[in-house]
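Chains A and B supply the protein sequences, listed in that same order. No gaps in the numbering here: position 19 of the first sequence is 8 in our numbering, and each next residue is one more. No gaps in the numbering here: position 109 of the second sequence is 706 in our numbering, and each next residue is one more.
It cannot be assumed that every hint is accurate.
Below 20 Å or equal to it, Euclidean Cα-Cα: the simulated EDC-like pairs (lysine to aspartate or glutamate) are [claimed, not checked]:
#, chain 1, residue 1, chain 2, residue 2
1, A, Lys253, B, Asp665
2, B, Lys801, B, Asp826
3, B, Lys801, B, Asp612
4, B, Lys724, B, Asp756
5, B, Lys801, B, Asp617
6, A, Lys188, A, Glu218
7, A, Lys253, B, Glu677
8, A, Lys253, A, Asp84
9, B, Lys801, B, Glu602
10, A, Lys253, A, Asp86
11, B, Lys724, A, Asp86
12, B, Lys724, A, Asp84
Sample of chain B residues with no beta-carbon within 12 Å of chain A, all distances over it, derived [as the list claims (entries may be wrong)]:
#, residue
13, Thr599
14, Ala604
15, Asp617
16, Leu669
17, Arg696
18, Leu784
19, Asp809
Please keep in mind that the hints were generated in silico from the structure rather than gathered at the bench. Quick reminder that beta carbons are idealized off the backbone N, C-alpha and C, glycines included.
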Amino acid sequence: MTSTTDTHTVGTRDRPPVRTVIGTELSRLRHGFLAWYTVFAPVVIAIPLYLGSLFSPEGASGQTWQSFSRVTLEFWGVLIPMTAGLAATLSVRADHDAWRMLLSYAVPRWRYFVGKFGALSVLSLISSTILAVVLTAGAALNGTLGSATGMILAAAYLPWLAGLASTALALLVAVCWGFGPGITVGVAGLLCGALTADKVFWYVIPVAWPMRVILPIAGIGPNGIVLPEGSPLANPDAIPVALGLSVALAAALLLLGGRHMSRKEI
Amino acid sequence: MTTLEVAGLHKHYGDHHALDGIDLTVRPGEVYGLLGPNGAGKTTLMKVVLGLQRPTSGTIRLFGLPYDRSLLAQVGALVEVPGLWQHLDAVAHLRVHARLRGVAERWIDDVLDQVRLADVRHRAVGKYSLGMRWRLGIAVALLVRPRFIILDEPTNGLDPVGIREMRELIRTLAGAGTTIMVSSHQLGEIAQVCDRVGVLVAGKTRYEGPVDGLAVDGDLEAGFFRIIDSVGGGVR
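Generate the whole structure from the sequences, applying the supplied hints.
Below, the structure written as structure tokens:
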């Protein structure tokens, strides 16, 4: 071993910037199940749904794109919180033994929580981008790319923003209470997205916010059926409300999570 | 200046006093052995020093300074189990820790050589033997070239060759000026590598001093059991 005396300066030791912590999280996650899930979930959902739409009565009447986009986004709206729960829980579980090492460093502990949230958000952003690509391909195949581009981008990225609170919530629950409760957040999100996104009290259910954002964008109800003319669910005013709530709640949960990590005993 | 100074340290979990007034001093450059039966408080003490547990009361000084988590930047540790990610290889592990701790990635090769894992650096940890996992855990602890290393049962799961290598590694590190605290159940190992020992029984320090001072008529084991028996076997 080289002499230790020249390397004892503290300096920037154990003071990684948050982007570095996010990078280390991503470097761990990119080898596991979540990486595959991130890439293939949108594809695995969209391809069968496209084929189903192609051979559906709507497809036969030249409405393949409309049918495909509606049913894909309906699935996506409930998948976002489900994925948040699954990803947060698996990510926390993978670190179970490593916490002893990581938390014994002088690294400010809140950065681990924020870093994990950041990495999971990056993964879901990648997934959303792949969804956008798949939807774009579907639109192109049906010659509607020009008119659908705006909707595709909105449908891919605005629900991602609305899902940040779900990610932070699932992460906090997984860090505090472990695997079962973390997964429960995801399952609750799946159910709430389908059952409560169209209710007047949607704004008090964070895991329903991604679906609530999708409804006016895709012009569908949570069951995937086209909204009737004049439906209040088609009003886009709900979108900025959902996004604002999501960002605010995510920020608050990050504060709570960082504080929990700082006090965590193992 | 001392490397570690613990005084009147308590850690209570409800009615259970895992640490019940620990006092000990680790001096710079020495290898300090922490002995005691299961449940004596060895791992809890290490966790408290590393900030993984909060003490109920008592004081800790690290490197002569009042305890502060920022001082842990100069500490390397392996407590209970090496916290490894099964699908990563050794280099990826060390790269994660190097980036978090702000040390040069070129040091990775040094520590892999030190723990004799250089040949399997790109093999997933899931395919490592238990001994190899421990060595990687120690490599992570060594990565920052720490002033003070805390090792909890570092010979657990190692075969005789691995135990000898661990002993040599500890001695090499100590020779380079690193202070080491090591816990073990194996009295013989402690006797071979440690300068001084602390014996914990039922959360209290029952002996602290040179290894030889623990022995009764040259018999280390007899001295150890005499201490344990004097407090009812240390069972709480």
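Structure-based check of all given hints:
Between lysine 253 of chain A and aspartate 665 of chain B, the direct Cα distance comes to roughly 16 Å. Compliance with the 20 Å bound is thereby established for this hinted pair. Taken as a hint, the lysine 801 of chain B and aspartate 826 of chain B pair is honoured in the structure, with Cα atoms around 14 Å apart against an allowance of 20 Å. About 16 Å separates the Cα atoms of lysine 801 of chain B and aspartate 612 of chain B, which keeps this hinted pair within 20 Å; it holds. This hinted pair checks out: lysine 724 of chain B and aspartate 756 of chain B have alpha carbons roughly 17 Å apart, not beyond 20 Å.
Of the pairs offered as hints, the one joining lysine 801 of chain B and aspartate 617 of chain B holds, with about 5 Å between alpha carbons and a cut-off of 20 Å not exceeded. Proposed proximity of lysine 188 of chain A and glutamate 218 of chain A is supported: the alpha carbons are some 18 Å apart, at most 20 Å. A distance of roughly 17 Å separates the Cα atoms of lysine 253 of chain A and glutamate 677 of chain B; the hinted pair therefore holds under the 20 Å criterion. Distance hint between lysine 253 of chain A and aspartate 84 of chain A is fulfilled; the C-alpha atoms sit about 14 Å from each other, no more than 20 Å.
A hinted pair counts as satisfied when its Cα atoms are at most 20 Å apart, and lysine 801 of chain B with glutamate 602 of chain B qualifies at roughly 15 Å. Taking the CA atoms of lysine 253 of chain A and aspartate 86 of chain A, the gap is near 14 Å; set against the 20 Å cutoff, the hint holds. Straight-line distance between C-alpha atoms of lysine 724 of chain B and aspartate 86 of chain A comes to about 17 Å, which keeps the hinted pair within the 20 Å bound. Annotation: proposed proximity of lysine 724 of chain B to aspartate 84 of chain A holds, straight-line Cα distance about 18 Å (limit 20 Å).
For threonine 599 of chain B, the condition that its CB be more than 12 Å from all CB atoms of chain A holds, with the nearest at approximately 16 Å. Distance check for alanine 604 of chain B against chain A: the nearest CB is about 21 Å away, which clears 12 Å, and the non-interface claim stands. Against the 12 Å criterion, aspartate 617 of chain B stays outside the reach of chain A, whose nearest CB is about 18 Å from its own CB. Separation of leucine 669 of chain B from chain A is inadequate, the least Cβ-Cβ distance of about 4 Å not exceeding the 12 Å criterion.
For arginine 696 of chain B, the requirement that its beta carbon stay farther than 12 Å from each beta carbon of chain A is not met, with the minimum near 5 Å. In this structure leucine 784 of chain B is separated from chain A by more than 12 Å, as the shortest Cβ-Cβ distance comes to about 26 Å. The Cβ of aspartate 809 of chain B sits about 28 Å from the closest Cβ of chain A, beyond the 12 Å cut-off, so the non-interface label holds.
In the structure shown, a violation is registered for the earlier hints numbered 16 and 17, in ascending order.
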